[in-house]
Amino acid sequence: MASTSHRVLPGFGLSLGYTLVYLSLLVLIPLGGLILKAGTLTIAEFWQIATTEQALASYRVTFGASFVAAAINAVFGLVVAWVLVRYPFPGKSLVDAFVDLPFALPTAVAGITLATLYAGNGWIGRHLEPLGIKIAYTPYGIVVALAFVTLPFIVRTLQPVIEDIEPEVEEAAASLGASRLQTFVKVIFPAIFPALLTGFTLAFSRAIGEFGSVIFIAGNMPMISEITPLLIIAKLEQQDVVGATALAVVMLVISFAMLLTINALQWWAANRHKGRAA
Amino acid sequence: MPALVRQLAAAILALGLAVPAFADPSLLNVSYDVARDFYKDYNPLFQKYWKAKTGENLELKQSHAGSTKQVRAVADGLEADVVTMNQATDVDFLAERGLVAADYAKKFPTNASPYTSTMVFIVRKGNPKGFKDWSDLAKPGVQVILPHPKNTGNGRYSYLAAWGYALKQPGGSDATAKDFVGKLLKNAPLFAAGGRDATTTFMQRRIGDVLVTFESEAELIAREFGRGEFEVVYPSLSILTEFPVAVVEKVVDKKGTRKQAQAYLEYLWSKEGQENAAQNYLRPRDAELLKKYAAQFPPIKTFSVDEVFGGWSKAFPAHFKDGGSFDQIYQVK
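Chains X and D are the protein sequences, given in the same order. Residue numbers are given in the UniProt record's numbering: position 54 of the first sequence equals residue 54, and the series is strictly consecutive. Residue numbers are given in the UniProt record's numbering: position 281 of the second sequence equals residue 281, and the series is strictly consecutive.
Calculated from the structure, these hints are not laboratory results. Honestly, I wouldn't trust all of these hints.
In silico EDC-like links for lysine to aspartate or glutamate, alpha-carbon gap of 16 Å or less [as the list claims (entries may be wrong)]:
| no. | chain 1 | residue 1 | chain 2 | residue 2 |
| --- | --- | --- | --- | --- |
| 1 | D | Lys250 | D | Asp103 |
| 2 | D | Lys168 | D | Glu307 |
| 3 | D | Lys314 | D | Glu96 |
| 4 | D | Lys321 | X | Asp240 |
| 5 | D | Lys69 | X | Asp240 |
| 6 | D | Lys271 | D | Asp41 |
Computed from a predicted structure; not experimentally measured.
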């Protein structure tokens, strides 16, 4: 406890107070308002709104597509981050800058562009459709849009961690007779796994909340490609604010539960790694 | 301290009262998305008219977004002097909250809707699938593009147009209409996010055989994509789409802009206002002008939401609220 007095930030009390006020203004109070608004419903009403067949289908689409998109990016984002850190090549800083584009681009622009590309007559869609693969206006389109907007989260989380792994570690593994695969599985992967989980979590949670990019490529068919945010909009179109908040609260609770689980997993992974290093 | 506050308040009030004497009054027109061009043309017309009539330089501001979002903003405190919407449900929402008069529809001629439009079909050049009427849209093997009927005004009008058509066929009933609309909706490969998104999907991405949209959109499509690309098909019967306008009573009373707001909306029915509508491909209420622009507005038999559905206040819950006919069509698998 004594160590708190040696921190750079002024007193613990002041810092914590500031943290709580800032977090309250930006996150806790708005979310509290959301729950309060949904609180005007009875439990039975809330349950009824939250578990209609259409709502259940939309959770499956939203969380399913978000999970798949984050998982795809966990694999390919890792490769991107690895290449950007480990290999020099001409135009590297340009490529590095491109990674951030999905952050900056308005998501609606991304959605319209992706829909244009993946539609049956688009640059990419026209080559896929003869093979029987339809992307635009199907749930696959949602995955593509979500993968696009979440890529930077994985890459940017992994880059500094990969930078921290000294190439000597790999050389040492090699000199001890490890194959390339063994080096990756036993040396590199454990070191980056916590960061990979963080990146995955960020990407996944970002994907759940995504609206603009999805709406133009999803096709929005009830029971098939309707995301939960669209149902929330549908409720607002009926001026049913309470119903909309009910769905929002469901998303909030599921997301929070998932984030907690992943955080616990992350904590476990980090400690396990630490334990082995010691 | 309270004395100081009072003094300050008095000073501010005095300033506030003094300002209108030399500052120009301004009106905020809160409107729906695609009315942007219409009011961009209309506002200078009205400014000129008002200047000539009263010598006042009136500042006019526009705000455009989705109709339902806009009325919620007004209900939440966006200080609109007038609202110009594309559906009565949206203005009704403000009427329920006492922001506009309960009988706003009677405050202006022609149901407070200065111009109308109707839902028509856009087909590809030569009409390869031979669409003539709503019944062709429900046939198996065709693809129909329209915006989401639950979430967009454009989609709702398309839905009700098809429903009303089926209802008016021999032996038509709510059951046959629901069956018909169900078949038509099953032909939709997707629901576009909005009217313009539907247009892009049909014209640019070349998805679907027929696009259901406002007659007024057809001209815009022609300008954007070229006249050689498509044809407009007028069904035997369609829906009359109305665009209600209203003065926001609470705001004009507070701002002292009632006179200007009233005149701003009334002028929509003047010759100039009506001509502006016609030039923006909205059917003017003025019979003479309608005749003058006959080439642009072929005669078409229409029914209104009031006639067939008993008004939006009945149509909306029956069809688009959760559990309404739209949801029923999709939940029965």
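Would the hint linking Lys314(D) and Glu96(D) be met if the CA-CA limit is 16 Å? holds, 15 Å
Does the structure keep Lys69(D) and Asp240(X) at a Cα separation of 16 Å or less? With Cα atoms ~12 Å apart, Lys69(D) and Asp240(X) stay inside 16 Å; holds.
Given the hinted pair Lys321(D) and Asp240(X), is their alpha-carbon gap at most 16 Å? holds, 9 Å
Would the pair Lys250(D) and Asp103(D) pass a check requiring their Cα atoms to be no farther apart than 16 Å? holds, 15 Å
Going straight from one Cα to the other, do Lys168(D) and Glu307(D) come out at no more than 16 Å? Between Lys168(D) and Glu307(D) the Cα gap is close to 12 Å, so the pair holds against 16 Å.
Agreement of Lys271(D) and Asp41(D) with the hint, judged by alpha carbon distance not exceeding 16 Å: Cα-Cα ~14 Å, so holds.
The structure fails none of the hints (numbered hints given earlier).
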